[in-house]
Amino acid sequence: MKYLIANSTTEVLEFLKEAGGTASILAGGTDLVLDIESGKKKADVLIDVTRIPELKKIEEVDGFLEIGAAATLTEIHSHPLVRKYFPSLVKACKKVGSRLIQNVATLAGNVITAQPAADAGMALSVLDPRFVLVDEEGTRECYVDDMYAGFGVSTLDSGRTLMTKIRIPLPKENEAASFQRLELRKSLSLPMLNVAAMAAIKEGKFEWVRLRMAPVGKGPVRAVEAEEWLVGKEVSEETFERAGELALENANPRSNPLRGSKEYREATLPVMVKRALLEIATQLNVMEG
Amino acid sequence: MTKYVGKNIPRLDGYDKATGRGLYTTDIYLPHMLHAAVLRSPYAHAKVISVDVSEAEKMEGVVAIATKDNTPRTYFNATASMFLTNLPDKPVLDQQIFSDVVRYIGDEVAAVAAETEAIAKEALKKIKVVYEELPAVYNVDDAMKDGAPQVQPDFSPGNNVCGGVVKIRYGDAEANWDKGEVFAETKVYMQRIKQAQLETHGAVADYNPKGHLKVYSTTQTPYPAKMILATIFDMPASNVHVKNPPYVGGGFGVRIGLSAKAEAIASALSILAKRPVKYIYSRSEDFLTSDSRHEGYIVSKISAMKDGTFVALDTRAYMNTGAYATLGVELAGVTGANGTSGAYRFPNIHYDGYVIYTNQETAGAFRGFGAPQGAFALETCVDQLAKQLGRDPLDLRLQNALRDGDEWWFPYPITSCKLMDCLKEAAKSIGWDEKRGKKQTGTIRRGVGIGCGTHVSNGAPFCLDYNAAFMRIEVDGSLLVSSAVPEIGPGSTTGLLQIAADAVGVPMENARFAFGDTDVAPFDVGSHASRTLYSAGYLLVRLAVDLREQIFEWAGKFLDVDPSTLDLVDGQIVSKCDAAEPHIEPTPLSYLAHQAHLRAKQFVVSGCKAPTNSPPFHAHAAEVEVDMETGMIKVLKLAAAHDVGVAVNPILVEGQIESGLIMGLGYALREEMTYQEGKGFYNDSYHKYMLPTMDETPEMESIIVEGFDPDGPFGVKGVGECGMIPTAPAIVGAVEDAIGIRFYEIPLTPGRVLKKIKEVYGD
Amino acid sequence: MKERLVTTVNGRRIERYVDPSMRLVDFLRDELLLTGTKIGCKQGECGACTIIMNGTAVLSCIMPVMKAMDAEILTIEGLEKDGKLHPIQDEFIKGGAIQCGFCTPGFIMGAKALLDENPSPTSEEVREELSGHICRCTGYKKIEDAVLKAAERLREEKDD
Ligand SMILES: Cc1cc2nc3c(=O)[nH]c(=O)nc-3n(C[C@@H](O)[C@@H](O)[C@H](O)COP(=O)(O)OP(=O)(O)OC[C@H]3O[C@@H](n4cnc5c(N)ncnc54)[C@H](O)[C@@H]3O)c2cc1C
Ligand code: FES
Ligand code: FES
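Keeping their order, the protein sequence lines are chains A, B and C. Residue numbers for the first sequence follow the working numbering, beginning at 1380 and rising by one. Residue numbers for the second sequence follow the working numbering, beginning at 690 and rising by one. Residue numbers for the third sequence follow the working numbering, beginning at 344 and rising by one.
To be clear, the hints were calculated from the coordinates, so they are not data collected in a lab. One should not assume that every hint holds.
[As the list claims (entries may be wrong)] Label-pair restraints from in silico Cβ distances:
1) C/I357 <-> B/S739: 45 to 51 Å
2) A/S1634 <-> C/M344: 28 to 34 Å
3) C/V349 <-> A/E1516: 34 to 40 Å
4) C/K424 <-> A/E1393: 43 to 49 Å
5) A/V1603 <-> B/T1130: 51 to 57 Å
6) B/Y764 <-> A/S1634: 38 to 44 Å
7) C/R498 <-> B/K1117: 34 to 40 Å
8) B/H901 <-> C/V349: 40 to 46 Å
9) A/T1389 <-> B/S739: 47 to 53 Å
10) A/E1393 <-> C/D373: 30 to 36 Å
11) B/D1208 <-> A/F1530: 51 to 57 Å
12) B/K1117 <-> C/D373: 50 to 56 Å
13) C/R498 <-> B/R710: 25 to 31 Å
14) A/S1634 <-> B/N897: 51 to 57 Å
[To be verified] Cut-off 27 Å, straight-line C-alpha distance, at most; resulting in silico cross-link-like pairs (DSS-like, lysine-lysine):
15) B/K810 <-> A/K1421
16) B/K817 <-> B/K1368
17) B/K1447 <-> B/K1128
18) B/K1445 <-> A/K1641
19) A/K1565 <-> B/K1377
20) A/K1470 <-> B/K1326
21) A/K1420 <-> C/K345
22) C/K345 <-> A/K1419
23) C/K345 <-> B/K814
24) B/K899 <-> B/K990
[Stated by the list, open to error] So, partial list: chain B residues that the calculated Cβ filter (under 10 Å) puts toward chain A:
25) P1381
26) M1383
27) E1385
Remember, it's a predicted structure, so these values are computed and weren't measured experimentally. Glycine included, C-beta positions come from ideal geometry on N, C-alpha and C.
With the rest of the complex left out, here is chain A (with noise of 0.2 Å):
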């Protein structure tokens, strides 16, 4: 195996051409040194992105927060600007592992890695967020949808491509983001379920709302008929109850031997898609926690 500490951009992509597709890009290592372990993936040059200055950056540009793709999870949840306009990413970055995986693992990886349920990945995924792509061709932006091949798999592909920044936009001040947990453990423990949610509200109601939920399919799923049925509801206990019922149309979580039956998880997330959309009310100060 060989080891290349990239400086810039540029550099990365000269080793990545050079490699020829044998080559992946590494970030903080806590999924890809296991899964090259492991055997799940293969890599005979690992190039080390972390020292490049450009992607530690988070900075506010024109109305977005642009995260680099190498700042760490505590990097970005210690981050001020972050903590302002993002309280429900800061809250799920704190969730990944514990404070020492976070210390080197990246958001960026956290959405390559495309497991499910990842939690930092689950809340930036109804932010809005654009994935910044550079490979041979040029720079290319993205959004969720287009991030996730399946359990697992990204689109991505880390030995010919590499994800500069993420950019959100700015919440506006009506609109207010969340994040459920249902957790065995608050540390070191993947979730069982978990919620992320964004929306506006208007005298009262519901203008929009995005609402994913993991893990029940394919990357964080839309809960789509949940999103469409609220749009001009009221804001009221009881519109979450229908709303964490609708969401179940668009769920279908597997049992895992430890996490949790199938039938536990969809007796749940009624209740963390009720318990997200309570949290963005709240936060509006619409209802009270």
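Take the given structure of chain A and dock chains B and C with the ligands to it, following the hints.
Only chains B and C with the ligands this time, still in chain A's reference frame:
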């Protein structure tokens, strides 16, 4: 007056451990050392037809491969049970290093020693094994059926019962049963859990072809480990040296005897390779292929009078011991004894314990050793009886709790008992009177519960218990105590030196405790059964008497005084307070020892003693919060009151209690090994095994109830395991108080809880 | 193929040729014989292998060794200064926060990184921040207390 006993002396190994200097088995690197990896069975039950190592042997860097074809076929029991089984019983010797039959997924088939661990692992892939699969059985009920596959036909002819049914009879439960007026009956299920101690099993074996075997090991019983190895390899015990390096990263019962098979496999490879071999279990091997806690079910029945007085207890326990016996048989005894009947006045007891072989990972010793299972069964039944009688569960316990002077069925007396105080203190700390039985509504509901129990201060009478040790005064007057007890974490070696220094009368600063090494000291059982401080201390206070006598005799002559007037206080030879005047000038022991040396005398004693046993008592109370929508339970507080006699080092005692509380919390709520047929246990890592992390700890209060045990050295009793015992009963009782639902199966995972909530309350 | 690694461990500059597929923990233990850093799982799930790299607590068991390039590494062996224990070490010993000790080096390094960053953590914060460290022996309470005590001492030392 003691100078050290009762004081919070900072533990003596603290410096080594806080600076990273302390060595553990995994830190041993010997010159020319090889690394091992083990090939394990993918089948739950199969005949091993052949093991072909020819391809693997050819690999560069592979030095030796051990299989059933080139290692001893001696039958053994990998636990200390092999040498601690009481006469007239015989230990069950049902294990071999590698055998013709594999009996669970993970059973050992072959081992490779190579220049690096990576090469050893690669070589495993090239070993070709031909298996013939056999039918397998995975649970107690199936295993006991007629025609069930036989896991150990040579050791349980026809029925999979391991070592025979364990029976306890006291009074006459059958004849007196109907004298009772109220009858309670419960059946509880308990899951398999893992010790998950932080240091995995490991050994570094160094065989010298002249016939000497030295093994660094993670065992919690160095001496029995040495004897097991000597038997397996048919070597004189004097040529086998087992040593902790000196530290061991936790034990909790999982390495009483060998550390799974680490020592045996490393030694077998070292003998073949004639080089040192290091074998450290991976975390996954540790989870899947070493002893766990027994899973199973227990049916308890209590016959009582209307006024609540207990008349008789009838218990039947069915425990899954997995593929090999290890300590299963002894465990069934403790389940029945301390576990199900220990803490109450039961004039009549009937207990039958069945330990059943299955094709799963072996179950053996784990902190509490059957008592947590027994206590969960009995405490559930006591709560049930309280409900039937319309009584407060605390009140009913106070009525029937054992107290000083009571008779019981054990072969040793209740030397001291403060169970009543424990119950009252625990209840007070949790706020029992204000909180119990308050009607709860809403999504989040709270409740409190209580449980109590007893345990042992050593292994007797369930197994053999004695130890031997040396004590000497060095030429400069300092004290050296040599014992083969290990230090697996509780601070036993600090506590024992406190005891020794006080008993001899020398300052602790220049005293030392040499431990964990079979070459420095004679036989000691090791650390198990909450025994170390009690049993080794029991011997040390007696050795101290001999040592002082020797010193006084010599000093008497040297100083020309009557030896019986002398005392040794804080390293000074002085006249006893009550000795007739004139008193001698205080003479430093350092001076005296040196003078003795110049006259060809050292003060040295050795001895060997079997201790008595003294039962510790304890009560735990819990407050919980239940989320009715998700089935999530949060423990808000745990209160634990313990009668451990005198606390030699209170901070260390608290450490044991808190440790047990958190383990008990894991047992009650989360920890569980889940079996998947064809695949084995799902839980092969910390990530898949939900033991409590730091942010899951509730408020804890540990209360040491002042006591003194007349038999214990300086009044002490055992404590190491107690914290684990009544925690689950307290938590499950609290859940019932909160939501009105009794759970008869642990752990209370949210799925289990929510299912019941929906059954009872509807959607 | 071996690659050149230059790094600083406990103040000592180290230059070696290493197999880049090696984990940092193996480099520290097997090559530098700094065995104070322990391995409890080698999967990032227990915290026993925690070291401080460029001021941040990281898990050396899942970290490729080359991540140490040009880095400043502090392991448990480097914490005692001039024969004086770091207050965290001292409080762990005094407060009964150590039992078997296998989790201790990792815990202490984690606690050091925490207190360097946040000198006055609340109990909650201590628990949350250190929950990547598993301890099977202590029940955690005495560890929490020791960290809080050490924090207090470090603040006092700073004020003096
Ligand atoms: C003990 C433990 C506990 C965990 N618990 C959780 C948990 O509770 N919740 C959770 O969501 N996750 C959890 N995780 C996984 C989490 O740590 C990762 O998903 C992490 O966020 C991945 O980031 P990384 O920087 O480490 O990625 P890496 O491992 O470096 O990379 C992951 C993948 O992304 C690719 N990649 C990374 N960066 C780029 C880039 N810029 N461009 C192109 N490709 C890239 C890599 O090639 C690789 O395929 C846990 C992991 C461990 C070890
Ligand atoms: S050994 Fe690194 S986290 Fe367990
Ligand atoms: S002290 Fe043993 S694991 Fe923490």
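Here is how each hint holds up against the structure:
Checked against the hint of 45 to 51 Å, the pair C/I357 and B/S739 passes, with Cβ atoms roughly 49 Å apart. Distance hint check: the CB atoms of A/S1634 and C/M344 are about 45 Å apart, inconsistent with the given range 28 to 34 Å. At about 36 Å, the CB distance of C/V349 to A/E1516 agrees with the hint of 34 to 40 Å. At roughly 44 Å, the beta carbons of C/K424 and A/E1393 sit within the given window of 43 to 49 Å.
Between A/V1603 and B/T1130 the C-beta distance comes to about 36 Å, which lies outside the given range of 51 to 57 Å. Here the CB-CB span from B/Y764 to A/S1634 is close to 41 Å, well matched to the stated 38 to 44 Å. One distance hint, 34 to 40 Å for the beta-carbon pair C/R498 and B/K1117, holds here, with the actual separation near 36 Å. In this structure the supplied range 40 to 46 Å holds for B/H901 paired with C/V349, their Cβ-Cβ distance being about 44 Å.
The given range of 47 to 53 Å is broken by A/T1389 and B/S739, whose C-beta atoms sit roughly 58 Å from each other. Judged by the Cβ atoms, the range 30 to 36 Å given for A/E1393 and C/D373 holds: they are separated by roughly 34 Å. Range check, B/D1208 to A/F1530: Cβ separation about 56 Å, and the 51 to 57 Å hint holds. The hinted range of 50 to 56 Å is satisfied by B/K1117 and C/D373, whose Cβ atoms lie roughly 54 Å apart.
Separation of C/R498 from B/R710 is about 28 Å and conforms to the stated range, judged on CB atoms against 25 to 31 Å. In this structure the hint that A/S1634 and B/N897 lie 51 to 57 Å apart at CB holds, the actual value being about 54 Å. Between the alpha carbons of B/K810 and A/K1421 the distance comes to roughly 18 Å, so the proposed pair stays at or under 27 Å and holds. For the hint pairing B/K817 with B/K1368, the CA-to-CA distance comes to about 20 Å; that is within 27 Å, so the pair holds.
Distance check on the hinted pair: B/K1447 and B/K1128 sit about 19 Å apart at the alpha-carbon level, within 27 Å; holds. Only pairs whose Cα atoms come within 27 Å are accepted, and B/K1445 paired with A/K1641 is accepted, the gap being roughly 16 Å. With a CA separation close to 13 Å, the supplied pair A/K1565 and B/K1377 stays within the 27 Å bound. For the hint pairing A/K1470 with B/K1326, the CA-to-CA distance comes to about 26 Å; that is within 27 Å, so the pair holds.
Simply put, A/K1420 and C/K345 have alpha-carbon atoms about 22 Å apart, close enough for the 27 Å limit, and the pair holds. For the suggested pair C/K345 and A/K1419, the alpha carbons sit about 24 Å apart, so the restraint of at most 27 Å is met. The suggested pairing of C/K345 with B/K814 holds, with an alpha-carbon distance near 25 Å, which does not exceed 27 Å. Taking the CA atoms of B/K899 and B/K990, the gap is about 60 Å. The hint is violated against a cut of 27 Å.
Contact between B/P1381 and chain A, as hinted, is supported at the beta carbon level, the nearest pair being about 7 Å apart and thus within 10 Å. Hint status for B/M1383 relative to chain A: holds, with the closest Cβ pair at about 8 Å, below 10 Å. Annotation: B/E1385 was flagged as interfacial toward chain A, and the flag holds, the nearest CB pair being 6 Å apart, inside 10 Å.
Going through the hint list in order, the structure does not satisfy hints 2, 5, 9 and 24.
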